[in-house]
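Chemist: In case you want the letters, here they are:
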Amino acid sequence: MDLKFIIISIISTGIIGVLLGVIIGVVAKVFAVDVDERIEKVEELLPGANCGGCGFAGCAAFAKAVVAEDAAPGQCPVCSSSDVENIAEYLGIEAGQGEKRVALVRCSGDIPNTVRTLYNGIRDCRSAVVVQGGAKGCEYGCLGFGSCANACPFGAIEMRDGLAVVHPDLCVGCENCVSTCPKNLIIMVPAAADVHVYCNSPEKGAAKRLVCKTACIACRKCVKASGEEDHMLVDGFLVKTNYENPPAPELVEASACPTTALRQASKHAANAYQGVSK
Amino acid sequence: MMSEFLVITVGAILVNNFVLSKFLGICPFLGVSKKLDTALGMSGAVIFVMTLASLVSSLINQFLLTRPFVIGGREMNLVFLQTLVFIVVIASLVQLVEIMLQKLSAKLYESLGIFLPLITTNCAVLGCVVINAKATSPLQSTWYGATIYGFCSAVGFALALVLFSSLREKLDLAQVPKAFEGTAISLVTAGILAMAFLGFSGLV
Chain B
0 MDLKFIIISI ISTGIIGVLL GVIIGVVAKV FAVDVDERIE KVEELLPGAN CGGCGFAGCA
60 AFAKAVVAED AAPGQCPVCS SSDVENIAEY LGIEAGQGEK RVALVRCSGD IPNTVRTLYN
120 GIRDCRSAVV VQGGAKGCEY GCLGFGSCAN ACPFGAIEMR DGLAVVHPDL CVGCENCVST
180 CPKNLIIMVP AAADVHVYCN SPEKGAAKRL VCKTACIACR KCVKASGEED HMLVDGFLVK
240 TNYENPPAPE LVEASACPTT ALRQASKHAA NAYQGVSK
Chain L
0 MMSEFLVITV GAILVNNFVL SKFLGICPFL GVSKKLDTAL GMSGAVIFVM TLASLVSSLI
60 NQFLLTRPFV IGGREMNLVF LQTLVFIVVI ASLVQLVEIM LQKLSAKLYE SLGIFLPLIT
120 TNCAVLGCVV INAKATSPLQ STWYGATIYG FCSAVGFALA LVLFSSLREK LDLAQVPKAF
180 EGTAISLVTA GILAMAFLGF SGLV
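Quick note, the sequences are listed as chains B and L, same order. Sequential numbering from 0 applies to the first sequence in numbering that gives the first Met the number 0. Sequential numbering from 0 applies to the second sequence in numbering that gives the first Met the number 0.
If you want the ones that stay clear, here's a sample from chain L, every Cβ over 10 Å from chain B, calculated: (1) N15; (2) G43; (3) I46; (4) L107; (5) L125; (6) E180; (7) A193.
Derived PhoX-like pairs: lysine-lysine, alpha-carbon spacing no greater than 20 Å straight-line: (8) B:K220 x B:K203; (9) B:K266 x B:K212; (10) B:K28 x L:K102; (11) B:K63 x L:K106; (12) B:K63 x B:K40; (13) L:K102 x B:K63; (14) L:K177 x L:K33; (15) B:K220 x B:K239; (16) B:K203 x B:K239.
Worth flagging that the hints you see were computed from the coordinates, not collected in a lab. The beta carbon of each residue, even a glycine, is placed where N, CA and C say it ideally should be.
Produce the entire structure from the sequences given, and follow the hints as far as they go.
Modeler: In structure tokens form, the structure reads like this:
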């Protein structure tokens with residue numbers, strides 16, 4: 000092959016390369032977008048879980064909002080308090096610590112305690128609920144196929160005997176599970192409150208007991224045990240914890256709930272109530 | 000002219016579908032087909048890039064690479080540099096589009112942005128411009144014919160991707176034998192889809 004030919008090829012390829020490089024360089028200068036370098040730094044300090052618990056689209060969007068001072072660093076539910084302080088210190092702004100909230104599955108009806116029917120369909124709560132509201136005697140309880148556990152990016156929901164159990168120490172309060180549950184069983188409660196009623200059925204006590212051993216029958220023992228204080232609220236045939244004024248953990252012992260629907264979240268997560276119900 | 004146009008469009012979208020009968024662009028086909036909305040975003044980006052790349056590289060091919068010149072009494076051209084030049088041109092084109100998009104249309108950038116770098120050196124895009132460069136049909140050898148072919152191939156890619164991602168969304172809920180779970184059943188499904196598209200062969 001002719002040497003000239005080789006040189007022509009090299010030169011023409013080189014010219015194309017240099018030309019494209021120059022064009023990209025010029026365009027990058029002309030179309031440069033000003034990016035605040037603080038946004039990147041704040042994003043680095045954030046956990047990067049992109050859970051959406053702060054109410055923004057992800058960690059990048061939250062970092063943008065924090066730098067623009069539309070949000071406080073404390074709104075991130077995943078950050079530990081030292082992480083939040085680091086970010087606040089870096090930007091020189093207030094940390095704005097928010098109250099920690101965790102998810103609560105308002106049902107304690109696991110397989111040994113409930114009446115169930117046969118279900119051979121898709122193993123997903125949202126599919127199961129389409130078929131006659133799911134294969135459980137109680138129409139209001141946890142279906143137990145773990146759609147919420149799959150939605151949890153932090154592994155804070157354990158499926159135990161066909162019941163979703165939240166581990167409050169792992170839960171960061173991102174609320175991904177709340178919208179997943181087709182029974183709307185999951186609510187966000189203050190992490191400081193440890194005593195909850197693990198039942199969501201508005202039916203009469205007798206009707207509930209037919210299908211579930213651990214239902215709240217609204218016997219009001221816990222209401223009486225809390226005395227003058229408004230720790231527990233009665234709502235029809237269901238008692239609920241008053242999260243404005245939550246009871247101390249001793250209430251569970253003191254009230255001796257006959258169905259063990261009244262539980263401590265920490266002990267419930269540690270499987271302390273298995274086989275306790277009468 | 001009209002029939003040739005039809006041959007290009009129908010041929011590129013259905014009969015010689017890029018993914019399902021030419022087996023080009025398989026990695027995004029498997030990679031971003033888990034959800035329908037990411038598949039749609041990727042399809043948009045591919046249509047955008049492939050049309051532009053076909054246009055630019057057919058112009059370069061026509062006016063630079065295939066232009067003959069004489070050295071020492073022999074006529075020569077630079078066609079052998081095709082792959083090299085096309086890759087460089089496509090890569091910088093995508094870069095340019097990305098930079099300009101970021102400034103001009105933040106909304107479009109957000110929906111296409113993450114997919115653009117993915118297709119910088121995608122084989123479907125390169126395959127498309129190489130097929131254009133080798134085309135024998137008079138329409139496809141022109142720059143507008145090449146652009147139409149690029150657009151239609153990308154639409155064919157988008158069609159396959161959207162169909163496949165819809166199938167995969169359904170597959171997520173199906174009870175699949177343990178050994179076939181995940182990628183295995185996806186590949187089996189892709190094979191069946193490709194066989195279904197074989198039914199179009201002989202159409203043009």
